[in-house]
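Chemist: Sequence:
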Amino acid sequence: MPYENQFAALSHPLRQQILNRLETHPASVRELTDQLAASQPVVSQHLKVLREAGLISATPAGMKRIYRIEPGQLAELRSYLERHWLNALTDLAPEDSAVDGADD
804 MPYENQFAAL SHPLRQQILN RLETHPASVR ELTDQLAASQ PVVSQHLKVL REAGLISATP
864 AGMKRIYRIE PGQLAELRSY LERHWLNALT DLAPEDSAVD GADD
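Those letters in the sequence shown? Residues 804 to 907, by my numbering.
The set of hints was computed from the structure by calculation and includes no laboratory data.
Check each hint, because a few of them may be wrong.
Only pairs whose alpha carbons sit at most 20 Å apart, straight line, appear in this in silico EDC-like list of lysine to aspartate or glutamate [as the list claims (entries may be wrong)]:
1. K851 x E807
2. K867 x E834
3. K851 x E873
4. K851 x E885
5. K851 x E834
6. K867 x E855
7. K851 x E826
8. K851 x D837
Label pairs and their in silico Cβ distance ranges [stated by the list, open to error]:
9. E826 x E855: 17 to 23 Å
10. P863 x L817: 40 to 46 Å
11. T893 x T862: 40 to 46 Å
In this text the structure is predicted, and so the values were computed from the model without any measurement.
C-beta: ideal position from N, C-alpha, C; glycine also.
Given these sequences and hints, build the entire structure.
Modeler: And the structure:
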């Protein structure tokens with residue numbers, strides 16, 4: 804599966820919360836730790852998973868790193884999901900001939 808790392812990264816509730824926080828604005832580990840009421844090592848570990856999956860990026864800012872969502876990777880993941888969703892819906896749609904024959 805081409806996006807298994809991204810899906811795995813999104814599967815944890817705390818990582819989902821981190822992405823939700825980063826949606827509104829970039830943040831440091833300290834800011835995320837304060838907002839999420841989680842320890843710094845726990846938040847750092849989850850940030851590492853998200854970063855390795857390409858869902859976020861980190862930019863050095865003095866003594867800290869600022870984390871932000873990586874919109875390009877999320878857009879690719881969204882496109883992948885939409886394609887598969889549309890294919891699944893198409894597979895579930897009744898054949899035109901079956902629908903036409905049922906009304907006669």
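Chemist: Please go over all the hints and tell whether each is borne out by the structure.
Modeler: Against the structure, the hints:
{"no.": "1", "hint": "K851 x E807", "in the structure": "holds (16 Å)"}
{"no.": "2", "hint": "K867 x E834", "in the structure": "holds (11 Å)"}
{"no.": "3", "hint": "K851 x E873", "in the structure": "holds (14 Å)"}
{"no.": "4", "hint": "K851 x E885", "in the structure": "violated (27 Å)"}
{"no.": "5", "hint": "K851 x E834", "in the structure": "holds (16 Å)"}
{"no.": "6", "hint": "K867 x E855", "in the structure": "holds (18 Å)"}
{"no.": "7", "hint": "K851 x E826", "in the structure": "holds (17 Å)"}
{"no.": "8", "hint": "K851 x D837", "in the structure": "holds (18 Å)"}
{"no.": "9", "hint": "E826 x E855: 17 to 23 Å", "in the structure": "holds (20 Å)"}
{"no.": "10", "hint": "P863 x L817: 40 to 46 Å", "in the structure": "violated (24 Å)"}
{"no.": "11", "hint": "T893 x T862: 40 to 46 Å", "in the structure": "holds (41 Å)"}
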